[in-house]
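Number of protein chains: 2
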Amino acid sequence: MKHLSIIILGLLTFNSTAQNDSTFIKSIYNEALSNGKSHEDLRSLCKDVGARLTGSAEAAMAVEWGKNKLEGYGFDKVYLQEIKVPHWERGTKEAGWIKNNNGELIKVHLLALGGSIGTNGLLEAEVIEFKRLDALKAAKKKKVQGKIVFINQPMDEQQINTFRAYGGCYPMRGNGAVEAGRLGAVAVVIRSLGIPIDEHPHTGGMNYNDSIEKIPAAALSTIDAEKLSEVLENGKARFVLEMDCRSYPVVTSYNVIGELSGSEKQNEIITFGGHLDSWDTGEGAHDDGAGIVHSMEALRILKELKYKPKHTLRVVFFMNEENGNMGGKTYAKIVKEKGEKQIAALESDRGGFAPRGFGCDGTQEQVEFLKSLVHHFKPYELSTFEKGYGGVDIRPLKDEYEGIPLFGFIPDSQRYFDFHHSPNDVFENVNKRELELGCAAMASFLYLIDQKL
Amino acid sequence: MKHLSIIILGLLTFNSTAQNDSTFIKSIYNEALSNGKSHEDLRSLCKDVGARLTGSAEAAMAVEWGKNKLEGYGFDKVYLQEIKVPHWERGTKEAGWIKNNNGELIKVHLLALGGSIGTNGLLEAEVIEFKRLDALKAAKKKKVQGKIVFINQPMDEQQINTFRAYGGCYPMRGNGAVEAGRLGAVAVVIRSLGIPIDEHPHTGGMNYNDSIEKIPAAALSTIDAEKLSEVLENGKARFVLEMDCRSYPVVTSYNVIGELSGSEKQNEIITFGGHLDSWDTGEGAHDDGAGIVHSMEALRILKELKYKPKHTLRVVFFMNEENGNMGGKTYAKIVKEKGEKQIAALESDRGGFAPRGFGCDGTQEQVEFLKSLVHHFKPYELSTFEKGYGGVDIRPLKDEYEGIPLFGFIPDSQRYFDFHHSPNDVFENVNKRELELGCAAMASFLYLIDQKL
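Protein sequence lines correspond, in order, to chains S and P. The opening position of the first sequence corresponds to residue 1 in the numbering used here, with each subsequent residue numbered one higher. The opening position of the second sequence corresponds to residue 1 in the numbering used here, with each subsequent residue numbered one higher.
Looking at chain S on its own, in the form it has when it is part of the complex (with noise of 0.2 angstroms):
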């Protein structure tokens, strides 16, 4: 009897080698479906932490609820890794008004763009309005002296992929400030990077130019958007903006990191993550509360299906994403200092929608090597598997580690800029059952990547 014993024991330990991929990527997927603990995670980071800000008391706070979460699943190696950030406020006073030709006044629902500078009080000028940020560019400068600019280009919505008409859009908010004060203007205000008509207001990261003076910049929902734009096509227009936000010196903040070592190439190190910070409206649920969640479940998943991986997985959630990426780009030169061997990064940072598929930002043979991996993942639903982005996280690994691969999870991109950067992204917008497909497939990715690789 004890050599029956023996041989059940020796068939109930985990053996990769003798499993088959889709049992285990089916337990993946049940285990995720069934046992979940991400909506749960979500809904802690986002209501008892809230919007996480790097530098502010928030992002304090995400630190140690990330430490904790981990070191909760019992992972191999929990620690923290130490950074410097910026550290940029919002403030107290936020508010505008289109003011028509009659002196009539219109409040609008804006957000300052992260890293303006205040108003110093209330600013008040005329608004001359750009559709686009090369017909600013192209402007002479005594049209645009003394004025408040207004770029209003809406983003493409016949994109299918909701992400090109982002980053058709991405410009005016980068450089915006740059280009009007160029031309001497007072302050800069844009349309929100948001598909639909509604009053959120879309904040996110913008450039100065030491060169060039700083002028306030700000984003109005896209429906005040369109309502300062008709007023403009009646006459002209002023526009009264008042900000007191600004920047501090940098601070010191971290990266949290959690590891389940390997059994085979335990120095062969895959990066996995998402980026802990967010805006400082809304809760940062999609943007990345839902990459933050769909990592560390899917290393909590395979920690409770006894996979042994052979290289150390590592689940990374890095700092300061959103206005510096410190924490991306310190930790490679972080780990590559210590000469660690990299192998591969994954990033979760489109939001938590139902999983479409991985795109890979690598060579040829690293494209055909995903594309390999999509018969995985037809029982799932996940089809898109093809040359893309990594993650902003992840990017800066490319520059240490000629070669690597970086993989870039892929949910539906179709609601994300409904929610992205603004009040709407709240827990409640996050789908339970699409989020749990995320940690499955990023998990079952995972898996495949650690086997295959």
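Treat each hint with caution, since some may be false.
Copies of the same chain look alike in the list, so a pair counts if it works inside one copy or between any two.
With a cut-off of at most 27 angstroms between alpha-carbon atoms, the simulated BS3-like pairs for lysine-lysine come out as follows [what the hints assert, rightly or not]:
1. Lys131 / Lys26
2. Lys107 / Lys227
3. Lys227 / Lys47
4. Lys227 / Lys142
5. Lys341 / Lys452
6. Lys140 / Lys227
7. Lys67 / Lys93
8. Lys371 / Lys387
9. Lys387 / Lys26
10. Lys265 / Lys303
11. Lys306 / Lys265
12. Lys93 / Lys371
Source of the hints: derived by calculation from the structure; they are not laboratory data.
The hints should help you fit chain P onto chain S, whose structure is shown.
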């Protein structure tokens, strides 16, 4: 110059053979996404008409609404098709309580199942729980007699396609009253066919058997089903139920029909549509307001783009899918009697979510034809083209037209059973962009089958 004008006019006139499929499909998507009417039409159906159970005043208004809309879009023919439909009403009393061993009461959220008889005042009895319909079927009469049967089968969350999970629970709703009545139960309450654990009960159709005593039937919200099960784990429980729902005599209603006449084969019909009726809770937004506007908008787009179909494209807003399918059954009978040639049918009745593909209920050859269309949809992220179900409303065509292929539009299924047949199925839970992409997919599919069948 005149000669040149004629050439230009000739080029501008739509010519399907000269025009590349991919260019035309792109123009369909652009129209749906930039000038789409579907979201506003759905708002109007949900808010100006409301929930529209067969036989209700709202169902009559929905018929008027549909005819007005189709006439407004200027299709070649618009008409009503008279049908006889059942008429059941929920009444004004609908309440239930769990009473535990100590007589303590817990009020529950419930909905009578559609077609149920009322309780004729307060009904109270001991509860007996079954985990599945099969367990009830196997039970001894003396265990069940005089009791309220509670069937508590959850939808299987491990099914990736949620319609499979729905199919697994459907017999509990459809046949629970018959099986419980056969064993002498005085009422049946089932766990709602919904995936989230929440307070929203989900109604739906049910059957009686004339040879078995009819008993009242209701669905508890999933959260209340869990509570009742928990109470029963700790001892006996009673359930108190009052409902005054009842059936009324058959009434007259209508299918609403619009057509774009075929330019080559006018007598060959492609029928497509959704169902105009809904349950009387929520607003029937996903089920099946989405299918109504998908279909109407598909035809509007083709007309707007000056497409001249080869075959007659006929949109049908079927009445009474939810509790009798008299719209679908009568339509099939009438068109057969008229000697019409029906060459294919398409239905949208799975909600207004992001499109994933189309299914075909047909021969192997017809399924292969469907699969041959997949490449047209790759830019639009549809990849599921396989054997499948058409739809309840078009199914009767199969009995009249041997060999007719039936196609079903397949949107993403993950969120459907959060809303289906519940107070949650409201306009606000339909995403504009996802809805519009569904309209474009439907129009593109109609174009392709019109061209290639």
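The hints, checked one at a time:
Taking identical chains as interchangeable, the C-alpha atoms of lysine 131 and lysine 26 lie at most 27 angstroms apart only when they sit on different chains, with a minimum of 25 angstroms there against 50 angstroms within one chain. When the C-alpha separation of lysine 107 and lysine 227 is checked against a cutoff of 27 angstroms, the pair qualifies only within one copy, where the shortest distance is 10 angstroms, while the shortest distance between copies is 48 angstroms. For a Cα distance limit of 27 angstroms, the shortest separation of lysine 227 from lysine 47 across copies, 26 angstroms, qualifies, whereas the shortest one inside one copy, 34 angstroms, does not. In this assembly of identical chains, lysine 227 and lysine 142 lie within 27 angstroms of each other by CA distance solely inside one copy; the values are 26 angstroms within and 71 angstroms between copies.
Taking identical chains as interchangeable, the C-alpha atoms of lysine 341 and lysine 452 lie at most 27 angstroms apart only when both belong to the same chain, with a minimum of 17 angstroms there against 55 angstroms between chains. Taking CA atoms no more than 27 angstroms apart as the test, lysine 140 paired with lysine 227 passes inside one copy only; the shortest distance there is 25 angstroms, against 70 angstroms between copies. For the identical chains of this complex, lysine 67 and lysine 93 are neighbours neither inside a copy (34 angstroms) nor across copies (52 angstroms), given an alpha-carbon limit of 27 angstroms. For the identical chains of this complex, lysine 371 and lysine 387 are neighbours both inside a copy (9 angstroms) and across copies (25 angstroms), given an alpha-carbon limit of 27 angstroms.
For the homomeric pair lysine 387 and lysine 26, the shortest alpha-carbon distances inside one copy (26 angstroms) and between copies (23 angstroms) are both at most 27 angstroms. For the homomeric pair lysine 265 and lysine 303, the shortest alpha-carbon distance inside one copy (17 angstroms) is at most 27 angstroms, but the shortest distance between copies (62 angstroms) is not. Taking the shortest alpha-carbon separations for lysine 306 and lysine 265, only the intra-copy value of 17 angstroms comes in at or below 27 angstroms, while the best inter-copy value is 63 angstroms. When the C-alpha separation of lysine 93 and lysine 371 is checked against a cutoff of 27 angstroms, the pair qualifies neither within a copy, at 50 angstroms, nor between copies, at 58 angstroms.
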